[in-house]
Structure formats: structure tokens, C-alpha cells
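2 protein chains.
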Amino acid sequence: MGSIYKKSLKLFMVAGLLLVFYFWRPWSCSGVDIQPRRADPIQTLLDGKTGKILGAYPDIPYHIKEEVASRLAQNTCVCLADEETFHVPFSDLLFPRVGANNLAHAFLQNNPHSEKIKNHRAQEYNSFQRRSYSPADVLIVAEANSPLQYPTQGVKVQPLRTIIIPGLGLKQKKRSEYMVYLNATLGTFDVAATVDKVSIKGLREKKMTLSSPQLTALNRQLQFVTYTSTVFHPRTADSIQFGTEGYKSFFTIKVEQKKIPKLYNSGYSDEYNITALVTIATKTFLRYNKLEDLIKSIRQYYPNVTIVIADDNEHPQRVTGPRIEHYIMPYGKGWFAGRNLAVSQVATKYVLWVDDDFIFTSNTKLEKMVDILERTTLDLVGGAVREVTGYTATYRHTLSVEEGGEDGDCLHIRRGYHHVIEGFPNCVVADGVINFFMARTHKMLEVGFDPRLSRSGHLEFFVDALGSLHIGSCDDVIINHASKIHLPWSKTGTEKAYDKFRYSKSNGGMKLVEEIFYFKNRFKCTTSPR
Amino acid sequence: MGSIYKKSLKLFMVAGLLLVFYFWRPWSCSGVDIQPRRADPIQTLLDGKTGKILGAYPDIPYHIKEEVASRLAQNTCVCLADEETFHVPFSDLLFPRVGANNLAHAFLQNNPHSEKIKNHRAQEYNSFQRRSYSPADVLIVAEANSPLQYPTQGVKVQPLRTIIIPGLGLKQKKRSEYMVYLNATLGTFDVAATVDKVSIKGLREKKMTLSSPQLTALNRQLQFVTYTSTVFHPRTADSIQFGTEGYKSFFTIKVEQKKIPKLYNSGYSDEYNITALVTIATKTFLRYNKLEDLIKSIRQYYPNVTIVIADDNEHPQRVTGPRIEHYIMPYGKGWFAGRNLAVSQVATKYVLWVDDDFIFTSNTKLEKMVDILERTTLDLVGGAVREVTGYTATYRHTLSVEEGGEDGDCLHIRRGYHHVIEGFPNCVVADGVINFFMARTHKMLEVGFDPRLSRSGHLEFFVDALGSLHIGSCDDVIINHASKIHLPWSKTGTEKAYDKFRYSKSNGGMKLVEEIFYFKNRFKCTTSPR
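Chains as they are written, first to last, in this note's numbering: chain H, 1 to 530; chain E, 531 to 1060.
Accuracy of the hints is not assured; some may be wrong.
[As the list claims (entries may be wrong)] Straight-line C-alpha distance at most 27 Å; calculated DSS-like pairs for lysine-lysine:
no. : chain 1 : residue 1 : chain 2 : residue 2
1   : E       : 646       : H       : 259
2   : E       : 778       : E       : 737
3   : H       : 259       : H       : 49
4   : E       : 703       : H       : 443
I should point out that these hints are in silico values taken from the structure, not numbers from a laboratory. The structure presented is a predicted model; accordingly, all values stated were derived computationally and were not measured.
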């Protein structure tokens, strides 16, 4: 009885202690500072060193090469329209001129709160920059004739995990003792194996020193140095200092979760299964008859493809049919909100955007669009829209951003494209295309359509897509545009209502675009073809 | 007359030639190969060099340090559940065990096409890897004792623009002639200024050589070397080789569009204007009475905040009120589709997600959530949900991915968190939180909710968010959960219908989650608390 009593007592004490630890968890009380990071001490050291390197040789003269120097970014883009250079008939057609819109002026004029808006924008931008800052973007220059060997790129660790740091080494002339040290901020050092004759100080700490009388032993030991990330962050970088007497080098270890893919199971036939790969998305308003024509024409060529319809009519009608998904929105919620909604519902790898007054024909070969998206790094490919007159448009545009300093940057919009695509002679690389395109669904949703743009908007999506989407345009995938040529007296009631709603000359739409470019995207100027 | 005639003729010839050039554009015919990139020749050179560096000192013995070596990724994660170690009362509560789900087995068993599915998944993953490949991720090791000075990080250029390459230099012992060369693949070299006594070959080409009898002159000239990106790509990198006789170094120039911000104009008051900053989003199905209770409770504390409601009822009722946006979806389209839809309509900086059976109370202080999102790098912060019993849940989880080789990786799901957040004692950093959270709208849409998850799903969003969202959880922002404690015979008709729909023991939901983890995210195993 006594021994059972003692055993039970011990068991309960152990259980009690375990309960205490279970709820108290002293080992997990370490706090983490997650304010947007400023430069840490290692960073400051690095900046000083780089500054010295870049400022050398001030006394040797040079001669500026104007045609190259003028192409360098000056951080001072100027908001200027093209001058009309000379007068010939059709000059605007032959030599399209470019207009300029000074956004601050357009958006802030006559606004009593203009100073506050400017300050708010500057604060938000400052926040954005601090949140986007990463030590992985900072300029580092490798010193010449340094005895240090170290990795300059490609070292990464998952948060709270451990890796071996590859490539560390010391190549010094003969001496009695060889020494190196390592410093970190967001992690600690250790070794995965030990080598005789090497002494190590600072194991499992942010600063570690290794020394040995034998250089080859030290170098062998350096092959087993590990870094453990100790501060959780899903995407950051640690600045590492690696030095010996008289020499310092800096490199970065990226701290990142492994990139988890989004793969689509679209079947395993040899040909492209459009039904499994593509969803067609559109938005409709006041044009149910045209929408029905579109659906009929789609079904002629792709009888089983899913069609997603966003609908913000005041009195929505039922749109039914196999594989048709109809979404009702608040009345007049608008164009970009509808586009964002439709794309948010797509479960296939690709989404094809069409307007509700397009008509599929035998030239509307979606397989061609899928083919270029499967075989290249394009994320989005536009086609061509043929008017009833036979005129076919691709609406190819290029977009570029020029730095403008504190007041914001300049956005330059031009017609045209960058390159033809090898292997696809009808296709080019551009930054903006027409409103008939196929895109990787999740990439399109990553960019998103700003739900505030209700009446009109097109290139605003491509501005948001800059740097995210690789965009192409093929002129051999053609869709027809239902005829817009109506004599005014022959338009139906709904057609007149549609025109009135969409094309009304309200200033509201223009002001909103200016706000979006001025505030959201922080431009001070846009230049575009007149 | 004759001179006017001649002038007109000249003018028309010029106009004619210009027309020809306008449509022909011989200068823009250069094609670009945009197939997913494999290693270019410079890359192959680099790999060979790095391999040699990493394989040195094979003869020096070492002793493995087990506790460190065991933490290194082996690429061979194993799908094992915890064994039950010893039996005590409440052992599962005190010592929660972890179960393992072998996804390939669960998803592919009894499937006649299992081989084809496996191959399709492997092909899609291969495509994904090739498309994600960037020379900016490749391991580069800087040689020791090299006379070359060069930038190892931080050099970037916008597509088709020109920059000065900072930090190039040569520090060699005295000799009669000093020489360096530069090689690129996606761009060309030039100089922004010239320096006497330096001769340059290969201006405006992919390989440039500079030489001089005077070292300081050569180094001064190197301060003006420019790189021009000539192949348009929105986000890539060029591997640059910089060498002299007997020495080569490698570095990367990133080719990227400037990151355009998405700033929100939320007014300029000193306090947080919740109406301008936050939109509340929810999805509703068969619980209009609970939805009305939710809306009433919101209006008590936030009378003007916009509420977005996604509704996939079979017979939708009208939900009206100021600043309420009601969206009708196809019947039963589902949970994640509804979440994606609601978030796609939000125009404010932050979105608050709530379930339609939550109730706001005086403890539901949205200002606290906004505060931590404004002041830290968090993208999403969860709160706490209080049941009618008083039990309050935060559902904090950690997620980690362990590499598993060719068959896929392992996903480990555990309860708990990573760190407490400094300055916010009630808040921690985690990877998954409860279904009551506030997030940066555009970051949430970047991740997205997979519209295929119709009945249930929660952590799947956080799995997709890994590496993208910085996630926190604060237990001092509390919302109430409408009572779920009903005796079975007192449930209303709609409550019974809801339970039947949502909690039906169909295998379909489970199979879908397995497919998503197995195929879409390419896991071979998940381990999670039983």
C-alpha cells in the first residue's frame, strides 16, 4: 500500500509539473520586435564602407558621354507634353503627339485640404517603403584582395530552421594563428561537425569566432558552419558580417518560407482540354440580348466551358444554362468591381476575359492562347477584336515609370510593344493589351481590379500589373465585336440607357482616375498619346 | 511654280518614306525568346566554379555534431504519426498527439488513373519551377584574394533602361597593362563618361573590354561603366561576369519594374477612422436571422462602416440598409468562393472577416486591430471568439513545410505560435488564426481563397498564405459567437437544414481537401494534432 501511495504521489507531482509547464511555456516567452525595420548596426557599418569605395579617385578628370549619360535616371521626371514640331496634313496620325497630365494640379486644385492630402500620401508612402525594405536589396560591394571567401548570393533558410552556410573560407599567408568571426542579427551560429585543432567561441550565439593554428583545419571547419534563424518572419533577410583581422565582408541570408505552388489538375490528355483549363468571365449591364448572343456563340465552339457572369443591373434577369454561373451585384457597383468578382470565382488554371458584346467565331481559337501561356513565361495574352467594319484592334501599349523624387513618379503610356516573341510570329511582348485576353487566374487575382473604378477603366489594371505580370499580345486570335454602328434614331431603349450610363460626361469618373494615379499609385504626372 | 513643285515633291517623298518606316519599323523586329529559362553559358561557368570551391579539403576528418546535423533539411520528410508513449488519464489533452495523413495514398488509392495523375502533377511542378527560376537565386561564392572589386548585391535596372554599375574596380600589382572584361546575356555595356588613357572595346555590346597602362585611370573609368537592359522582361535577372587575367567574378543585375505602391486615402484625422479604413465582409447561408443580429450589433458600435455580404442561398432574401452591399451567388457555390467574392469587393485598406453568426460587443475594438496593422509588418491579425459558455478561442496554429524530395513535401500543422510581439503583450506571431481577423485587403486578395472549397475549409487559406502574409493573433479583441447550444428537438427548421448541409458526412469534402493538398500544393503528407 505504501509503495503504491508513493508511486501515485510521484505520478501526480510529475503530472502537476507538466501541467504547469504546459500552460506557462517559459521557453516561448521571447518577444519579437516587428516594427518596420530600420538599418541595424551591421547595416550601418556596411553603408559606411560602401560609401568609401564609391567615392574614390575624385582627382582624375573625365569627359561626359552625353548620349549615355542622358539615359540615366535623374529622379526628376518632368511633366511635359510634346510640342507640335511641324505642320503637315495628318500630322497627328503620322506623328502622334503625347499629352501630359499634371496629376497633383488636376487632383488637388481648388481642394481646401490639399496640404493634408499631400502629407497623408507622403506618410502612407513612407510606411509602404519601410514595410517593403529588405536587407536583401541593399548595395554591397566586395572588396578586392580580401583573404575571405564567402557566398554573395543564393543563401536562404526557412524561418526558425537551420542550414549550412556554403562557401566560407580563409586564404591567408602563413601565420601562427588564423581567425575568422561571424556576426548576425536574426539568427545564431553553430557547427554541424567539429574538426580537430579548431577552437570555437560563441556557439549558438549571434557572434561566433573560430581560430586555429592550421589553415586547412580552419577551412575544413568553415565547411560545417550553420546558421539558425531564431526570429520568425515569413519573408525577410539577415545581414551577415564575416571578417578576419583587417578585413570585413558582408552577405545576406534570406529568411523565407518555401514557395508553395498552386498547381491545377486539368487532366492528362495530349490536346488542350479547354473545358478543364479555361473559364470564361464577363460582366454584363443592360445588354442581356447581347449577352445571350455571346453565350450562344461560345457554345458553338466550346459547349462545356464554364462561363462566369457578374451582373450589376438594377433589375437583374435570370441567366441560366449548363455551366453558367450568374452573380448578382448591388446596382451599378461597376466595371472593375465586376471584373474582380468574376475572376475571384474562377477555379481553372486560366481565365478568359470577354466583354458581354463580343461574339465568338471560328477565328476565336482559345487553344492558341493556352499554348503560348503553357510554353512561355507569359502570364497574360491579349487577342484581337474585330469591328463589323473589318477593322481589328489589339490595343497594344507600353507603360514605363520614370522616377520623379519626392512629389511622385511619372507614368509614360505609349502605343506599341517591346519585342516580337520568338516561335510565335503573330505575338509580341507589351505592357497593356485589349479587353480580350487570357491569363493565369491566380496571377490575375494577385494584381486585382480596383473595385472603385465603376464606369470606365482599362489601363489602370495594367498599371497595377507592372512588374507582376508578363504580358503578350497575339493578333491571330480574333473575336468579333457586336456591331456598334447604329443610327441614333434606331437605337433601342436599353441601348440608349446603356450609352447614357456609361458615356455620361460626368467629371466623377475622371476625378477618380486622377485620385487613383495621384494617391494610390503615387504618380505626379502621366503622359499619353493625345 | 517650278520651285513650289520641287518642294512639294520633296515633301511628299519624305512623307512617303516616313509612312513606310511608320508601318514597317525595322528597328523593332528583334525577337525575344521567352521560354522558361534554363541556365545560360555564364551560369554554367559559375556552377563549375562553385562546385570546385565547395568540394575542397576532402582529406581532413571531422566529427558530426548530432544535435545540429539532425536539424538540417534532408529532403526526405517521413509521414509518421506520433506513437502513444504512455497511458495516463487525459493523456491526449496533456500530451496532444500528432496524426499523419499520407496524401498520395489517400488521394490516389483505387484510382485507375493514379499514374497519369502523378505524372501530370510532376509536369505541372516542373513547369512551375522553370517559370520561377531566376538567376538572382543561384548560389555565388566570392573568391578570396581576387584583385577584382565588384557589387555582390543591390544592383537593379528597370527593363530597357540604363544604369551605372556601382563599385567596379581592379586592385592589381604593378604591371605594364591592366585589363578587365565584362560579359552579360540580357543587356549591353557602355560608359557614361570617358577617361584618358583607357581604351575600350565592345561599346554597346554584350562583352566589353577595358584596358589601360595606368591603374588609377582604369579604375576611374570603371566608375562610369553602364549596363543597358535590352531584353524586356518585367521581373528577371542577368548574370554578369567580371574578370581579369586569371580571375573571374560573378554578380547579378536584377531587371525589374519599379514597385508601384497601392496607397489608400483614408483621411487625415488623428484617430483611426474605422469607416474609411475598414470594410466588414461575411458570407451567409440559411441564417438570415443570425445575419440580422450581426448587422444590428455592428451598427451599435460602427454605424457607418461598409458591410459586404456574399450570399449563396437557394432562395435569397433581400438584405438592405445603408452601406450594406449584398451579392447573390449561384446556390451552394460555397464557403471559400464566398470569401473570395466578398474580399474582391472591398475598396478600403483593411478588411475584417466575420462569420454571419458573430455578435459585436464592447470588447470588439477594431481600433486595436488597425493599430497593430498600422504599426508593424503584420498583414493579418486574428482576434478571439467567445462562446456563450465563456470559453474564448484564438485557434492559433503554426505551419511548416519540410522538403520531401520528388514525391512532394510534408506539411506540419501544430497548435501554438512563434513569439509574443514586443509592444503588444496580448499579441503573438503565428501562421494560422481563428476565423475572425482583419487583414490588408490587397495582400489578402493576393493569396486568395480557393473557390473549390465549398463546405468547409480554414487552414487551407493559411497554407496558401505561407511566405506571403505576416500573421498575428491578439486575444484582447473579442467577438461573441451566437449560441450554438441547442437541444436537438428545439432547433428551428432552418437550423436543421443548415446543419444537414454543412456537417453532412459526405466524403466529397475530405477528398477535395486531399486533392488540394496533394495536387495543388504538392504535399505528400500532412501531420496535425489528432
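A quick look at each hint next to the structure:
A threshold of 27 Å between alpha carbons decides the hint, and for residue 646 of chain E with residue 259 of chain H the separation of about 25 Å falls inside it, so the pair holds. Simply put, residue 778 of chain E and residue 737 of chain E have alpha-carbon atoms about 14 Å apart, close enough for the 27 Å limit, and the pair holds. Under the criterion of a C-alpha separation no larger than 27 Å, the hint pairing residue 259 of chain H with residue 49 of chain H is inconsistent with the structure, at around 34 Å. A hinted pair counts as satisfied when its Cα atoms are at most 27 Å apart, and residue 703 of chain E with residue 443 of chain H does not qualify at roughly 53 Å.
Violated hints for the displayed structure, listed by number in ascending order: 3, 4.
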